[in-house]
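Residue numbers (this note's numbering), protein chains in the order written: chain P, 1 to 364; chain A, 1 to 364; chain E, 1 to 364; chain H, 1 to 364.
Certain hints may be false.
Because identical chains cannot be distinguished in the list, a pair is counted as satisfied if it fits within a single copy or across any two copies.
Stated by the list, open to error - Straight-line C-alpha distance at most 30 Å; calculated DSBU-like pairs for lysine-lysine:
| no. | residue 1 | residue 2 |
| --- | --- | --- |
| 1 | Lys359 | Lys163 |
| 2 | Lys49 | Lys252 |
| 3 | Lys163 | Lys54 |
| 4 | Lys93 | Lys163 |
| 5 | Lys49 | Lys143 |
| 6 | Lys21 | Lys261 |
Source of the hints: derived by calculation from the structure; they are not laboratory data.
There are 4 protein chains.
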Amino acid sequence: MAGSTFGSNITVTTWGESHGKAIGAVIDGIPAGMKLDEQDIQIYLDRRKPGQSKFTTARNEADEVKILSGVFEGVTTGTPISIMVENTDQHSKDYGNIATSFRPGHADYGYIEKYGLRDYRGGGRSSGRETIGRVAAGAICAKLLSELGITVCAYTKSIGDIKIYDFDLSERDNNALCMPDPAAAKKATEYLEACMLNNDSAGGVIECLITGVPAGVGDPVFDKLDANLSKALVSIGSVKGVEIGDGFAVSKTVGSINNDKFRMVDGKVTKATNHSGGILGGISDGDDIIVRCAIKPTPSISQSQPTVNENHENIDIEIHGRHDPVIVPRAVVVVEAMCAITICDALFSHMTDRLDYIKEFYKN
Amino acid sequence: MAGSTFGSNITVTTWGESHGKAIGAVIDGIPAGMKLDEQDIQIYLDRRKPGQSKFTTARNEADEVKILSGVFEGVTTGTPISIMVENTDQHSKDYGNIATSFRPGHADYGYIEKYGLRDYRGGGRSSGRETIGRVAAGAICAKLLSELGITVCAYTKSIGDIKIYDFDLSERDNNALCMPDPAAAKKATEYLEACMLNNDSAGGVIECLITGVPAGVGDPVFDKLDANLSKALVSIGSVKGVEIGDGFAVSKTVGSINNDKFRMVDGKVTKATNHSGGILGGISDGDDIIVRCAIKPTPSISQSQPTVNENHENIDIEIHGRHDPVIVPRAVVVVEAMCAITICDALFSHMTDRLDYIKEFYKN
Amino acid sequence: MAGSTFGSNITVTTWGESHGKAIGAVIDGIPAGMKLDEQDIQIYLDRRKPGQSKFTTARNEADEVKILSGVFEGVTTGTPISIMVENTDQHSKDYGNIATSFRPGHADYGYIEKYGLRDYRGGGRSSGRETIGRVAAGAICAKLLSELGITVCAYTKSIGDIKIYDFDLSERDNNALCMPDPAAAKKATEYLEACMLNNDSAGGVIECLITGVPAGVGDPVFDKLDANLSKALVSIGSVKGVEIGDGFAVSKTVGSINNDKFRMVDGKVTKATNHSGGILGGISDGDDIIVRCAIKPTPSISQSQPTVNENHENIDIEIHGRHDPVIVPRAVVVVEAMCAITICDALFSHMTDRLDYIKEFYKN
Amino acid sequence: MAGSTFGSNITVTTWGESHGKAIGAVIDGIPAGMKLDEQDIQIYLDRRKPGQSKFTTARNEADEVKILSGVFEGVTTGTPISIMVENTDQHSKDYGNIATSFRPGHADYGYIEKYGLRDYRGGGRSSGRETIGRVAAGAICAKLLSELGITVCAYTKSIGDIKIYDFDLSERDNNALCMPDPAAAKKATEYLEACMLNNDSAGGVIECLITGVPAGVGDPVFDKLDANLSKALVSIGSVKGVEIGDGFAVSKTVGSINNDKFRMVDGKVTKATNHSGGILGGISDGDDIIVRCAIKPTPSISQSQPTVNENHENIDIEIHGRHDPVIVPRAVVVVEAMCAITICDALFSHMTDRLDYIKEFYKN
C-alpha cells in the first residue's frame, strides 16, 4: 500500500529508513511567493534532534536539512519542495538477535507479517527518524500559517502522573521536557530519573494550542477538522489516544455545562467557555483549537524481556544502547508539525466553499 | 470542499439532509460475488432507528432502505451500491428562532461562517441522520468481514460516571443502552432519568472490539490502521476523543509493563497482554483490536440557553421537541460501521504488500 | 476497485445500471450560494435523452431528474448534491443468448473476467445510461462556469468521412446530428441512412470549445489541464482517441509554425495562432481551449456476428432491438459535461497557487 | 495545487527543477520482496540521457541515479523508494532576456500567470528533466511487470511524415531515432537534418505495445484503463494527442468492421482482430494493448521569434544553445515508463475485484 502521503491540497510524502542513506520528504501544494530557506526548517528540526539532554538518545546526528527543489532565489515557486537529511551516524554494527526478534512494543512482528522481510537497522521505516520529514513539512506550513496570523504551539501536558499546573508558555523552552511549568518539569525530571534507574521508560501527554483560525474551516462529514487532526496525531508513532477540547471528560458531564454559550463580545461572536476545543460539528468555531494526544512509554528498554524470534522460538531479548527514556519532549514538535499541516490543508479547502468567494477571485 | 467520501479501496460517499427528500450513500469497491439484500442492511439501520426507547427521539421514521444499484439477482456485481432511505417525517413546521440562531453545542455558527447559509431544518447535513449512509455501508462491510472470519462489535462502555463492570456481551442487546452488563445498565438508566428530569443530557463512551484480523494489516506511516480508525471515529458527530488499547492510560505507565510480551502458544505468536489494543506501529499484531471513543452530551436540551442569532444579537433559545437525552446507544452501531469500513479497506490494501502475493495471483 | 468517482475539489460519483431501479450521481464540492433547480439539469439531460430522432434508440425513458439533497430554498448549500433518474423502461424481457455471450465491441468479456459475473440487462453498468450522472454533474458545473464568464460548448466535428466545413455554431441545434454546419449535416444524414440500410453503424469526432478560462489554470506535471481533460474524455464509453489543439497534426509540422507567437493586442497578452489549443505545458494560456475525441461506431448492430459465449463456445449472435446507428450526437453533451467538471476542478485548485491569494482571502 | 503525484495503489511523486540541486521521485506502494538495484533504473535513465546523438542536446549530464530508501540488502522492503539524480551541469549562466520573456510554445506565460514568478533556468519544473523521476519509477514498475510476464515496449512510430513501414522491433535500438524500421529511420534522419539546417524542429508519434495483460484489468467508469493511460501520456510534456487501438480512424469505419470478433483458439478466448487496442469498455480484453501519442516539435528553436516579455512588450527572442531538434526518441522511454506505472496500478486494483479472490487470500 502507498501510505506515505498525507493531505489533500497540501501533500506531504515522507521517505527513508533510520539507517538508510538519508531521510526526507516532498511537500507539494505550498503556494508560490513565500520566503523560505533552510534555516526556517532547521529551527524545527533542531527541536527534535537527538542528544540534547540526558533524556534523549545520544545518537550523534547533525540532522542538517537541504532544500533540493521548489525554492528559487529564496522564495517558494509553487512546485514541490524536496527536503533531505543525510543519515551520518549509520556505521554498520552488529544488531545481534534484534535483527531476527520481535521487540516487545515495537512494530517488528507486524512488519514481518506484512512484508515478509524488514530493514531491522534502528527500526527501519518505523524509527522515530521518519518524523524528520513531517517536521520539515510542518515548519513550512507553520511559516505559512504565521503569514495568516495563526499560531500552532504544542507542549508537554504531563509525564507519567505529573501534570502541568501553572501554565506559563514562556517556560516551555526552558526545560528539557518542554513543560510550560517549571515546577512540574522538576517533578517530572525526578520521575524520569527514577525510571532510568529501573532501566524503564515513561509516557506522557502532549497538548497543542492553535490560535487564530477563523470560524468556518473544516468539513461537516468525513473530513471534519477534528477527524483530520486525529488522524494526523495518531499517525505519529507511539500515540494511543487523542482528545479535542474536553476530550474523554465530556462523557461524564451534562449538556447544560458542556454546551459553550455563544455571546456577543466587542461586536464579535464568542463563546463563554471552550469545552468544544474550538471545533463544533467538524468546523472551527473561531475559538482556540485545543487537541491532545497520549504517548506511550518508549518500548526500547534495557531490561531483559521475554519475546519471540523469527523462527518462532521463545527467547529473552536485551536492547542495548542508549534510548530515550521518554519520547514526549521530542514528539512535541512533531505534534506541532502535524497540526500545522492539517490546518493549512483545511484553510485551503475553505477558499472554495462559497460561490461568492470564487466569483470574487475570478472577477477580472 | 468535497469531504463526503471516506476510504481508499472501498469508498463511501454519503449525502442528504435531515429534512430533505432522502438520505443515502454510494458504496464503491465492494467486490463482486457477495450475497446481499436489503434485509442485511435493514438489520443494522434498525439498531440506530429513532423511537425505540424512552431515551431516543420520538421522530417517526421507518428508515426503510432501498438498494438502487450494484446488486443483481441477489449478488453484488462489483459496481457501486447506491442505497437510499426516504425521509417520511419531513412535514413542514415552524422552526421559530432556531432557524436563525446558533444553538449552543451545535455546528450552526460554523456552517454560517463556512457557507454563508444553511439548511436549518433538523440540523440539515449535520443531523445524526447523516449516519444512515455510514451504517448502511458498514452493514455491507461487516458482512464482507464475516466471510473472512472477522467480527466487529461495539457496545456502550460507560454513560456518565457509570462504567460496565461485569462484561457479558450477550447482554448488550437486552437493554436500551447497549451495555453488556445489566447492573450497569440499570444504574445508567437511573442516571439518565435524573438527567431528563433536569431537562439535561448525558454523554458516554463506546468501545469496539474487532476480532480475527490477522497480523500485518495497516500501513507504517500516515495510513496507520489506528490513524484511519481514529479519523473514522472522530468523523462521527459528537465524538471528542479516541483511544486505542490502553489509550490515555499509557501516559501513566512504564515501558516494562506496557510492552506486551510475545510468546509462542500452541505454535502461534501471541501476546501475553494486549495493552497495544491489537495495533503496534500502525500495523495489526494479530490480537483483538480495541478502540474507544468519547461521546459528548446531546447538545439539544430543553432548558433555556443564552446564545447569539444571525443578526449577532444576544438572545435566549429554547429547543423544543423530544431529543435523545443521550446519543450513545444509537451511536454504537455507527461506531461498528465506521470500524468495519476501515478494516475492510486496510485488508484490501494488504493484498498487494508483497511481490509473492502478486505473483501468486497472476500466476496463470 | 472503487473507480466511480472523478475529480479532486469537485467530486462526481456515479452509480446505476441500465436496467436497475435508477441511475444517479453524487456531486460534492459545489460551493454554497448558487441558484439551482431541477430544470437547470433537465435541459442537459434532455440533450442526451433517447428517442429524439431516427438516429437514436427508441427506448422510452422520460429521464426526469430529481435533486435529493444539497439544495435548500433553490440555492446550493455546499453539501453533496444527490441526483437521481428512475429507470421507467425496465420491463423484464428475454435476453436470450445475449445474457451469456460476449457481444463483439462490448465490454462483456472483460466484465466476466474481471468480476466473474455481470448484470447483462442492457449492458448493465457499461450502458450509455451511466452518462446520466455525468451529464447532471456537468450541467451543475456548467452553470457555475457561466457565473465566471466561461462557456463550454461541444459539437459534432465529423461523422464517418464527413467533416464540418462552414462552422456556424448557431446551427448546431438545428439538426439531429449536432453539426454546426447544415450542409455537412445533410451529407452525414445520408451516410447514416446508408449505414442503417446495411444494418451497420458509424463513428465520428466531437470537438469541445471552452472560452473564458484565464491563463494560469492547470498544473505543470501530472495534473496538467490537458491530461485531466484527456482522462475525462477517454473515460466516456466508445472514445478511442483525444486531441488538444492541433492534436496529431503536430507530429507532421515544424516548430517555427507550431509555436504560437505571443503578441500584445489591446494591452493584453494574446497568441497570433492557437495551435496549442489553449494549453501550454499543462497550463491554460488564456486562449480558447479546444479538445476533440474520436467515437467508435456503435458496437450493437443487427447483423449476425460470430463470437464466443460464457461456455467458451464459438457461436453467432444477433443483437435485436433498436440501437443508435451512431452515438456521436448523444455523446456531445457528455463531452461538454466532462469538460465542464474538469475545468471547474482546475479553477478551484488555482485559487491556492499563490501566497498572496491566500493572504488576501484571510486578511480579516 | 499539489499535482506532482500520480497513481492510486502505486504513487509516484516527482520533484525538481532543471537547474536545481537535484531531480528525483518517491515511488510508494512497490511490494516487498523484489530484487532492485541502481543498475535496474540506470538502464532506463540512460535511454533518455542527453548527448547520445546529434539529435539530442549536448548538455553534459551523467544522470547517475541513487536509491536513497526502500531497498535493503538488494531487495525492496515495501516502503517508499526515494531516487535522486544530482544536476551536475548547473553552472550559472546569463539567461539574458529568456529570464523575462515568454518563449513561444513553452509554458513560461502560464507559469507567470499561475504562480506570479518562476524559476526560468532551463525551464525550471517544466523542463524535460522532470521526466527523470517518471523514468526511474517506470523502470521499477517495468521490472515488477516482467515478473508477471508482462512487457511494455515503446518505439517511434513516425517523425514528421515518415512512418515506420516494415515493423521489426529488434531494430529499434540500432538507430538514434528508436524506429523499429531501418529504412524509415534513414529517411527520418534526412528529414531531421534538413530541419536542423533550417534552425527548425520536428515532431512525431510514439507507439507503445503492452503484452501479457490478462483480460479483466481496468475499471468500467472513470478509471477506465485507457482513461488512465491517456492521462499518463498527456501528462508528458509536448504530447498533444492520444489514441488507443485504431484511435481516430474509428471515426471513419463502420461497426461491422470495427467490432473485433471473439473466437476460441486453442481453448482460449481470442479476438480475430485488434481494432480495440486491447481495451473494451475500459477493461483489458486479453489482447495486446496498443496506445499512441503525438509529440509536438521542440518549441526551442534558434530562429528569431516574435514574442512578449514580462513587461508586456512585444519583442523578438532568440533561444541560443543546443536543443534537441526532435524530442521523440528521448520521449520513447518516458512513454514506456508512464504505461508501466499505469498498468501496475491497475493490476493491483484488480486483485480485490471479487469476493472469492479476497477469501482465497485470507483463507488461513
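* To do: Give me the numbers of the hints this structure contradicts, sorted from smallest to largest.
  => As far as the earlier hints go, 1, 4, 6 are violated by this structure, in ascending order.
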